[in-house]
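J.: Produce the complete structure using the sequences and hints provided.
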Amino acid sequence: MFAGDQNGLQGDPRLKAISEAIRVVPHFPKPGIMFQDITTLLLDPKAFKDTVDIFVDRYRDMGISVVAGVEARGFMFGPSIALAIGAKFVPLRKPRKLPGEVISESYVLEYGKDCLEMHVGAVQPGERALVIDDLVATGGTLSAAIRLLERAGAHVVECACVVGLREVKGQHGLNGKPLYILVEPRQQINCSAPSVNGVETCRHDDLILGASFGSPLNPTSKSD
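Read in order, the letters of the sequence shown are residues 1 to 224 in UniProt numbering.
These aren't lab readings, by the way, just hints derived from the structure by calculation. There could be a bad hint or two in this list.
Stated by the list, open to error - Computed beta-carbon distance windows for the label pairs:
(1) Ala72 / Lys30: 35 to 45 angstroms
(2) Arg147 / Lys88: 11 to 21 angstroms
(3) Gly121 / Ala84: 42 to 52 angstroms
(4) Ala72 / Gly176: 20 to 30 angstroms
(5) Asp114 / Phe28: 16 to 26 angstroms
(6) Lys46 / Arg151: 34 to 44 angstroms
(7) Lys30 / Cys115: 34 to 44 angstroms
(8) Arg147 / Glu101: 12 to 22 angstroms
(9) Lys49 / Lys88: 36 to 46 angstroms
Cβ atoms here follow ideal geometry from the backbone N, Cα and C, with glycine treated the same way.
T.: In structure tokens form, the structure reads like this:
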């Protein structure tokens, strides 16, 4: 299902502008990786605002009281969204970054394990939560975020990312939670873009824009 059809975003020029603002850096941080660099999106005030506005328009009437941002790039979008919809922002951090009492949730990486932590008491039972990150790859980090929030008694309404990688199937396995993404690059990448600060770059050449995976949401509904 495509959010462009669901939310009236089909053909919205903001989505194309957002995709064009994202730099793709080949072979970073290691050979074979096409790194989706959203820092160039942050350098474009209009594209950055449009990104936040699209998320805000989607979530403002869903009764969400918690926006949980995944370290680190979820911190770049989450606070703005939280302020605009009248929710609190809860940072989900890597180990030993939060003082005081925390709860933790581990998840498996390609070569090992990692962990997310959240302050005890940051989320109250029954609160409706949104998880935000810049990109979904395997889905492992988002799944850990969902488990962490649910252990605290929250109801996770949805996960939202700016970029979702088409070749990764983790988008459909987020503990049954729906996923909303703005830009989904296809396999085909245009690497003829000029270098930036001496770094070879690519741009998204063939895109699916505004895709939604999982259970469809009714924006006016308070339960799902």
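J.: Looking back at the numbered hints, which does the structure fail to meet, lowest number first?
T.: Hints 1, 3, 7, 9 contradicted; others consistent.
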